[in-house]
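**Student:** Please work from the sequences and hints to get the whole structure.
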Amino acid sequence: EAGVAQSPRYKIIEKRQSVAFWCNPISGHATLYWYQQILGQGPKLLIQFQNNGVVDDSQLPKDRFSAERLKGVDSTLKIQPAKLEDSAVYLCASSLVPGGAYNYGYTFGSGTRLTVV
Amino acid sequence: DQQVKQNSPSLSVQEGRISILNCDYTNSMFDYFLWYKKYPAEGPTFLISISSIKDKNEDGRFTVFLNKSAKHLSLHIVPSQPGDSAVYFCAAFYGGSQGNLIFGKGTKLSVKP
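Keeping their order, the protein sequence lines are chains A and B.
Once you know that position 83 of the first sequence is 83 in this note's numbering, the rest is easy, because the numbers rise by one and skip nothing.
One rule links them: number in this note's numbering = place in the second sequence (from 1) + 1000.
The set of hints was computed from the structure by calculation and includes no laboratory data.
Nothing here was measured: the structure is a model prediction, and the numbers come from that model.
Ideal Cβ placement from N, Cα and C applies to all residues, glycine included.
One should not assume that every hint holds.
What the hints assert, rightly or not - List of simulated lysine-lysine pairs, DSS-like, C-alpha gap at most 27 Å:
1) B/Lys1056 / B/Lys1105
2) B/Lys1037 / B/Lys1056
3) B/Lys1037 / B/Lys1108
4) A/Lys62 / A/Lys15
5) B/Lys1105 / B/Lys1071
6) A/Lys15 / A/Lys78
7) A/Lys11 / B/Lys1105
8) B/Lys1071 / B/Lys1112
9) B/Lys1068 / A/Lys44
10) B/Lys1037 / B/Lys1071
11) B/Lys1005 / A/Lys44
12) B/Lys1071 / B/Lys1054
13) B/Lys1068 / B/Lys1054
14) B/Lys1105 / A/Lys44
15) B/Lys1108 / A/Lys44
16) B/Lys1071 / A/Lys44
17) B/Lys1108 / B/Lys1005
18) A/Lys44 / A/Lys78
19) B/Lys1068 / A/Lys78
20) B/Lys1112 / A/Lys44
21) A/Lys11 / B/Lys1037
22) A/Lys62 / B/Lys1105
23) B/Lys1108 / A/Lys11
24) A/Lys83 / B/Lys1105
25) B/Lys1056 / B/Lys1068
Said to hold, decoys possible - Examples of chain B residues toward chain A, derived with CB under 10 Å:
26) Gln1006
27) Tyr1036
28) Phe1046
To be verified - Restraint-style ranges between C-beta atoms, simulated for each label pair:
29) A/Ser18 / B/His1076: 42 to 52 Å
30) B/Asn1067 / A/Pro81: 45 to 55 Å
31) B/Arg1061 / A/Arg64: 39 to 49 Å
**Tutor:** Next up, the structure:
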């Protein structure tokens, strides 16, 4: 079974520029999550999709962040304009069972490391 | 307000000894708890979980204990191996079909040969 694919692996941009990250979840996984992990912190949920609908985006800074999951498969997370404090690893995860599952949790991708200078 | 706390940023253990990683939480409504392991430049990988109605779950060298009255859980690794060196995240889940995971800040475990 292929894992969760993310690209790019690394990105360096200047503040006020825009950037986009892509995620392809495990085939058949209806639920997709985007997490932000700042250095020294645990992953923080930004947005959760169930198929192509948003379940929870309460922690997404909507003035600058946007995300979509067209056709209920892959997803794109965008930041425009970026700030210095957006420097972090952006992790995409997916799960077969809505809300995750007790015995295996979510499957995470390797993440995209964003540096804003 | 942190709902899941890992108060030890790092832990160093000798190979073959026991590693104990601790986690505290504040919300008594969490349904289950998970431990994730993360190597540098990789995403977190699921390690072991425990339901809120259990007090112990064991999988090979890994055992998780849950003390609900103290709102505390711990991960025991016995015996510790150098390959166990990684960052360990405690995570808690609640919210049913629309729920999600809340992570602690992680503990970096170093197992020395």
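**Student:** Take the hints in turn and mark each one as holding or not.
**Tutor:** Do the hints match the structure? See the list:
1. B/Lys1056 / B/Lys1105: holds, 23 Å
2. B/Lys1037 / B/Lys1056: holds, 19 Å
3. B/Lys1037 / B/Lys1108: The hint holds at about 10 Å.
4. A/Lys62 / A/Lys15: holds, 17 Å
5. B/Lys1105 / B/Lys1071: Answer holds: B/Lys1105 to B/Lys1071 is near 17 Å, not above 27 Å.
6. A/Lys15 / A/Lys78: Within the cut-off at roughly 14 Å; holds.
7. A/Lys11 / B/Lys1105: holds, 24 Å
8. B/Lys1071 / B/Lys1112: Since the Cα atoms of B/Lys1071 and B/Lys1112 sit roughly 31 Å apart, the hinted pair is violated (cutoff 27 Å).
9. B/Lys1068 / A/Lys44: holds, 24 Å
10. B/Lys1037 / B/Lys1071: Judged against 27 Å, a Cα distance of about 21 Å means the pair holds.
11. B/Lys1005 / A/Lys44: Distance ~13 Å between B/Lys1005 and A/Lys44 Cα, so the pair holds.
12. B/Lys1071 / B/Lys1054: holds, 13 Å
13. B/Lys1068 / B/Lys1054: holds, 9 Å
14. B/Lys1105 / A/Lys44: holds, 10 Å
15. B/Lys1108 / A/Lys44: holds, 18 Å
16. B/Lys1071 / A/Lys44: holds, 21 Å
17. B/Lys1108 / B/Lys1005: holds, 14 Å
18. A/Lys44 / A/Lys78: Given that 27 Å is the threshold and the Cα spacing comes to 16 Å, the pair holds.
19. B/Lys1068 / A/Lys78: Cα-Cα ~40 Å, so violated.
20. B/Lys1112 / A/Lys44: violated, 31 Å
21. A/Lys11 / B/Lys1037: Status holds; Cα separation ~24 Å.
22. A/Lys62 / B/Lys1105: With a Cα-Cα distance of about 24 Å, the restraint between A/Lys62 and B/Lys1105 holds, given a limit of 27 Å.
23. B/Lys1108 / A/Lys11: holds, 25 Å
24. A/Lys83 / B/Lys1105: Measuring from Cα to Cα gives roughly 22 Å; hence the hint holds.
25. B/Lys1056 / B/Lys1068: Roughly 11 Å between the alpha carbons, so the hint for B/Lys1056 and B/Lys1068 holds.
26. Gln1006: holds, 8 Å
27. Tyr1036: Given a least distance of 7 Å, the restraint on B/Tyr1036 holds.
28. Phe1046: holds, 4 Å
29. A/Ser18 / B/His1076: 42 to 52 Å: holds, 46 Å
30. B/Asn1067 / A/Pro81: 45 to 55 Å: holds, 46 Å
31. B/Arg1061 / A/Arg64: 39 to 49 Å: Holds - the Cβ-Cβ distance for B/Arg1061 and A/Arg64, about 44 Å, lies within 39 to 49 Å.
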